[in-house]
Amino acid sequence: MLTSCHTHHPRTGTPIQANNGMIQLLQPDLNVEGHLMTALKERCSVRSFDTQNIDLETLSNLLWAANGINRQESGKRTAPSAVNAQDILIYACMEQGAYLYDPEQHTLQQVCPFDLRKEIADTQEFAENAPISLVLVTDLSRFPFDNKEKALQLGCMDAGYVSQNIYLYCTIDHLATVARGTMNVEALKEALKLNENQVPLLNHPIGYIKEIE
Numbered sequence: 002m003l004t005s006c007h008t009h010h011p012r013t014g015t016p017i018q019a020n021n022g023m024i025q026l027l028q029p030d031l032n033v034e035g036h037l038m039t040a041l042k043e044r045c046s047v048r049s050f051d052t053q054n055i056d057l058e059t060l061s062n063l064l065w066a067a068n069g070i071n072r073q074e075s076g077k078r079t080a081p082s083a084v085n086a087q088d089i090l091i092y093a094c095m096e097q098g099a100y101l102y103d104p105e106q107h108t109l110q111q112v113c114p115f116d117l118r119k120e121i122a123d124t125q126e127f128a129e130n131a132p133i134s135l136v137l138v139t140d141l142s143r144f145p146f147d148n149k150e151k152a153l154q155l156g157c158m159d160a161g162y163v164s165q166n167i168y169l170y171c172t173i174d175h176l177a178t179v180a181r182g183t184m185n186v187e188a189l190k191e192a193l194k195l196n197e198n199q200v201p202l203l204n205h206p207i208g209y210i211k212e213i214e
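Okay, so the sequence shown: first residue is 2 according to this note's numbering, each after it adds one.
Some hints could be false.
Calculated cross-link-like contacts (lysine-lysine; reagent style DSS-like; alpha-carbon spacing at most 25 angstroms) [unchecked claim]:
#, residue 1, residue 2
1, K119, K190
2, K211, K119
3, K77, K149
4, K119, K151
5, K149, K194
6, K149, K119
7, K211, K42
8, K119, K194
9, K149, K211
10, K211, K151
Since the hints were made in silico from the structure, they are not lab data.
With these hints in hand, go ahead and build the complete structure from the sequences.
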């Protein structure tokens, strides 16, 4: 029975460590137990997080589930993408800095050495307590047309798909998360070195379930 909203499952795994600004993720564990209908039943938003750091195994599975490559022959992803633009960029932000997810290499590449979780939390301080926050950014330049309004609409749609993948994986793996639109967008655009076509849309603070005392 999945109990993501109510149960804390302490665990130990491989610590997340960067080598020359790059984190090599592990191959996803495709045998994580869980059932789709139960995950949908149990899916919920959680706004409190255990402060234990996420391990490498969990982060590797999470990013692959969010928007990793599930068909090597075509390079297509776990989340659908309008006109196959593959516009959604995922930044993993943690104490040791901010990293851009590369689905093709299944790696994280550092783009900022600073802890940006305060900027992601902005006016909602609870989000700062999560060990990791994923920031979803649409790159409008990846759409094959010049209509930015239409591209942004499709980018928002694509971010929603990735967000739901995050929710469902978190439910199955007993993690706490909540989708948020609140964040200090201008500070993040500067820190993540985003250009005018790259728009932050959503963020997901993520941590293990906090035990209810």
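Against the structure, the hints come out as follows:
The hinted pair formed by K119 and K190 meets the criterion: a straight-line CA distance of about 14 angstroms does not exceed 25 angstroms. Taking the CA atoms of K211 and K119, the gap is about 20 angstroms. The hint holds against a cut of 25 angstroms. A distance of roughly 24 angstroms separates the Cα atoms of K77 and K149; the hinted pair therefore holds under the 25 angstroms criterion. The straight-line distance between the Cα atoms of K119 and K151 is roughly 31 angstroms, outside the 25 angstroms bound, and the hint therefore fails.
For the proposed pair K149 and K194, the alpha carbon gap of about 20 angstroms is at most 25 angstroms, so the pair holds. Distance hint between K149 and K119 is unfulfilled; the C-alpha atoms sit about 30 angstroms from each other, more than 25 angstroms. Our distance criterion of 25 angstroms between C-alpha atoms is met by K211 and K42, whose separation comes to about 20 angstroms. Distance check on the hinted pair: K119 and K194 sit about 17 angstroms apart at the alpha-carbon level, within 25 angstroms; holds.
As the CA atoms of K149 and K211 are separated by approximately 41 angstroms, the hinted pair breaks the 25 angstroms bound. The suggested pairing of K211 with K151 is violated, with an alpha-carbon distance near 40 angstroms, which exceeds 25 angstroms.
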